[in-house]
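K.L.:
The lines below spell out each chain.
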Amino acid sequence: MSRGSNAGFDRHITIFSPEGRLYQVEYAFKAISQSGLTSVGIRGSDSVVVVTQKKVPDKLLDSSTVTNMFHLTPRIGCVMTGHNADSRSQVHRARVEAGEWKYKFGYDITADVLCRRLADISQVYTQNAEMRPLGCCMILVAMDPQQGPVLYKCDPAGYYCGFRATAVGAKQTEANSYLEKKLKKKPELSHDRAVQMAISCLASVLSMDFKATELEIGVVTKDKPKFRTLLEAEIEAHLVAIAERE
Amino acid sequence: MLGEAEPQWLSEEVKTGTTIIAIEFNGGVVLGSDSRVSAGESVVNRVMNKLSPLHDKIYCALSGSAADAQTIAEMVNYQLDVHSMEIGEDPQVRSAATLVKNISYKYKEELSAHLIVAGWDRREGGQVFATLKGLLTRQPFAVGGSGSSYVYGFVDAEYRKGMNKKECQQFVVNTLSLAMKRDGSSGGVAYLVTIDEHGTEEKVILGNDLPTFFDQ
Numbered sequence: 001m002s003r004g005s006n007a008g009f010d011r012h013i014t015i016f017s018p019e020g021r022l023y024q025v026e027y028a029f030k031a032i033s034q035s036g037l038t039s040v041g042i043r044g045s046d047s048v049v050v051v052t053q054k055k056v057p058d059k060l061l062d063s064s065t066v067t068n069m070f071h072l073t074p075r076i077g078c079v080m081t082g083h084n085a086d087s088r089s090q091v092h093r094a095r096v097e098a099g100e101w102k103y104k105f106g107y108d109i110t111a112d113v114l115c116r117r118l119a120d121i122s123q124v125y126t127q128n129a130e131m132r133p134l135g136c137c138m139i140l141v142a143m144d145p146q147q148g149p150v151l152y153k154c155d156p157a158g159y160y161c162g163f164r165a166t167a168v169g170a171k172q173t174e175a176n177s178y179l180e181k182k183l184k185k186k187p188e189l190s191h192d193r194a195v196q197m198a199i200s201c202l203a204s205v206l207s208m209d210f211k212a213t214e215l216e217i218g219v220v221t222k223d224k225p226k227f228r229t230l231l232e233a234e235i236e237a238h239l240v241a242i243a244e245r246e
Numbered sequence: 001m002l003g004e005a006e007p008q009w010l011s012e013e014v015k016t017g018t019t020i021i022a023i024e025f026n027g028g029v030v031l032g033s034d035s036r037v038s039a040g041e042s043v044v045n046r047v048m049n050k051l052s053p054l055h056d057k058i059y060c061a062l063s064g065s066a067a068d069a070q071t072i073a074e075m076v077n078y079q080l081d082v083h084s085m086e087i088g089e090d091p092q093v094r095s096a097a098t099l100v101k102n103i104s105y106k107y108k109e110e111l112s113a114h115l116i117v118a119g120w121d122r123r124e125g126g127q128v129f130a131t132l133k134g135l136l137t138r139q140p141f142a143v144g145g146s147g148s149s150y151v152y153g154f155v156d157a158e159y160r161k162g163m164n165k166k167e168c169q170q171f172v173v174n175t176l177s178l179a180m181k182r183d184g185s186s187g188g189v190a191y192l193v194t195i196d197e198h199g200t201e202e203k204v205i206l207g208n209d210l211p212t213f214f215d216q
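Read top to bottom, the protein sequences are chains D and W. Residue numbers for the first sequence follow full-length UniProt numbering, beginning at 1 and rising by one. Residue numbers for the second sequence follow full-length UniProt numbering, beginning at 1 and rising by one.
There may be inaccurate statements among the hints.
Cβ-Cβ distance ranges computed for the label pairs, FRET-style [to be verified]:
#1 W/V47 / D/F105: 51 to 59 Å
#2 D/Q34 / W/E109: 36 to 44 Å
#3 D/V66 / W/E109: 46 to 54 Å
#4 W/D56 / D/K211: 32 to 40 Å
Heads up, incomplete: computed chain D residues facing chain W, CB under 8 Å, no partners named [unchecked claim]:
#5 T73
#6 K102
#7 F105
#8 I242
Source of the hints: derived by calculation from the structure; they are not laboratory data. Even glycine gets a Cβ: it sits at the ideal position worked out from N, Cα and C.
With these hints in hand, go ahead and build the complete structure from the sequences.
P.N.:
Right under this line is the structure:
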């Protein structure tokens, strides 16, 4: 009985392998990197910022219809990395969960509770044979009424956590090391500094100089607690500020 | 009279006796309501705001059974929350009215509530919809509730096309005042909500500040 009787299906559905691994969940993580995009989120002292690449692979595509940033509630936003279709499915589920919470309990859901709910749903997919895990990772941002700026991430394994800064996607290891170095001394990050650090992180790990049309930036700030995406002109202003500092 | 039952107000259904009115002007709408909630002969709440938000720029006026009306409003509010996230912009007033109508029609045997839906959206500006018994119709203005029967003559005679915001607000306040004086199930204070492109304004007019007419 040392091999167990799963007859090699441990790679096909989410059951344990003899070493105690869930191969399907690990493959889901690989699927996130398949999209080739990287996203970064940074929590400042009075704002939270998420930045992702905007790649429009086809010249015929209308780039205004391509986005990875979504509103979940007026105050909670997210950036999705990974499979586009899975991303939209998770975003839709999140919106419905948030709406139901408000209807049932009479107050707006908070980002940490919404993240936990989505993580719990993702966990179910790692136990059910008939459904595969989703190949996408969600970074949520919001201004929590009690805790101030918050940044949460939930992944296909059903794990979720709050972060000071985090990265997801093809270059997440390099991006996470960059962020660790920059935030080691626990600096106080103003809104502008947080945006510029996120852009610099991506520019550094991808070795690219970005144009304003190649980035999507979503922010929540203390004075404007509703989630919004920056306009091209605002992104341009930040890029110019980064160039001037160098 | 041995074994006199519990007080009447415990067994009577709680109704929002009510006068409600909504009127459209160029660029927005004005909604108005009284504030009396009755259970039979007793007034259960004399300051209830019957103008309930469905979304930032869409409100509804409640009449009929208090519980039924509130429940419909809350359900539509929930549906509009998710809907507005999905479409990425503010919902149309017509969408809100359709959602209310669908519930009112599907459960028309069980429910007894009439909601007037009014608001502003950027496609059609100010709009007022009546959803009585599951019908959906857009009107320049709509009145509802038990008090409305006493003021049909007044509103028909006094309404003019092309009134501006201030004139509409005065029209609403006058109508409510007259209805509240004549209808036993309407009274209290008058609540006014004005919605236009720039925002939503809520106002309360206390009983003694309401306009007076011939016999007052």
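K.L.:
Sort out which numbered hints this structure fails and list those numbers smallest first.
P.N.:
1, 2, 7 and 8
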